[in-house]
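**Student:** Just so you know, the working numbering puts 63 at position 63 of the sequence shown, and the rest follows in order with no gaps.
Derived from the structure by calculation, the hints contain no laboratory data.
It should be emphasised that the depicted structure is a prediction, and the values quoted were computed from it without experimental measurement.
Please note that a few of the clues may not be correct.
Subject to a maximum C-alpha distance of 30 Å in a straight line, what follows is the list of computed DSSO-like cross-link-like pairs (lysine-lysine) [unchecked claim]:
1) Lys138 with Lys128
2) Lys97 with Lys17
3) Lys138 with Lys97
4) Lys135 with Lys26
5) Lys85 with Lys102
6) Lys135 with Lys97
The following label-pair restraints were derived from C-beta to C-beta distances [claimed, not checked]:
7) Asn8 with Glu101: 25 to 35 Å
8) Asn131 with Trp169: 30 to 40 Å
9) Ser167 with Gly134: 39 to 49 Å
We put the CB at the ideal spot given by N, CA and C, even for glycine.
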Amino acid sequence: MTLRQIVNLPEPILRRKAKPVTKFDKDLQTLIDDMIETMRDAPGVGLAAPQINIPEQLAVIEYSEEDEEEEFESEEAEDRPLKPKKLYVLINPEIIKVSEEKVLGVEGCLSMPGLQGEVERHEAIQVKALNRYGKPQKLKVDGWMARIFQHEIDHLNGVLFTDRATSVWRLPDPEAPEEM
Numbered sequence: 001m002t003l004r005q006i007v008n009l010p011e012p013i014l015r016r017k018a019k020p021v022t023k024f025d026k027d028l029q030t031l032i033d034d035m036i037e038t039m040r041d042a043p044g045v046g047l048a049a050p051q052i053n054i055p056e057q058l059a060v061i062e063y064s065e066e067d068e069e070e071e072f073e074s075e076e077a078e079d080r081p082l083k084p085k086k087l088y089v090l091i092n093p094e095i096i097k098v099s100e101e102k103v104l105g106v107e108g109c110l111s112m113p114g115l116q117g118e119v120e121r122h123e124a125i126q127v128k129a130l131n132r133y134g135k136p137q138k139l140k141v142d143g144w145m146a147r148i149f150q151h152e153i154d155h156l157n158g159v160l161f162t163d164r165a166t167s168v169w170r171l172p173d174p175e176a177p178e179e180m
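Could you put the whole structure together from the sequences, leaning on the hints where they help?
**Tutor:** Right under this line is the structure:
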């Protein structure tokens, strides 16, 4: 497995609609494994192929409800069993159903380091896609998982979270000297 370079704005590929995946061969399996490794190394919860300069309809997502349960104190966390993260590979994904309910949430992006924004997304969605072996799958997701799916599927259509954000801000640079 190889770590791939994540491209940043203004790289044009981030604004283009990706092409459908048509070949399910060894090269695709290697690409998927590389994307998973790159996402984990970043670290991130999702990565779309255009973010590593590959114009294909492919995204990987890995997330656990525990990732959003930061309110737990470390003592409480020690007493609970760890929930495994779920890994999703979405090829040629399409959102086929959305909830009427929308929710605001803060998002960031590996291709826009240092930026965050508040984005309204559907609270629940249903997606049809192919898995890494080309088998059809239908997935129903809600909450933060639905947000991540929508964010990554947007990448495959050349849409960035800043296009949907109601507000965007830059995070403080941890390397910058502190002002007095």
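**Student:** With reference to the structure, classify each hint as holding or not holding.
**Tutor:** Cross-check of the supplied hints:
Between lysine 138 and lysine 128 the alpha-carbon distance is near 4 Å, which keeps this suggested pair within the 30 Å criterion. Taking the CA atoms of lysine 97 and lysine 17, the gap is about 21 Å. The hint holds against a cut of 30 Å. In summary, the hint linking lysine 138 to lysine 97 is supported, as the alpha carbons are separated by about 11 Å, within the 30 Å threshold. A threshold of 30 Å between alpha carbons decides the hint, and for lysine 135 with lysine 26 the separation of about 16 Å falls inside it, so the pair holds.
For the proposed pair lysine 85 and lysine 102, the alpha carbon gap of about 25 Å is at most 30 Å, so the pair holds. Between lysine 135 and lysine 97 the CA atoms are separated by roughly 20 Å; this keeps the pair inside 30 Å, and the hint holds. Checking the proposed 25 to 35 Å range against asparagine 8 and glutamate 101 shows it holds: the Cβ atoms sit about 33 Å from each other. For asparagine 131 paired with tryptophan 169, a C-beta distance near 37 Å keeps the hint of 30 to 40 Å intact.
A beta carbon spacing of about 40 Å between serine 167 and glycine 134 agrees with the range 39 to 49 Å that was offered as a hint.
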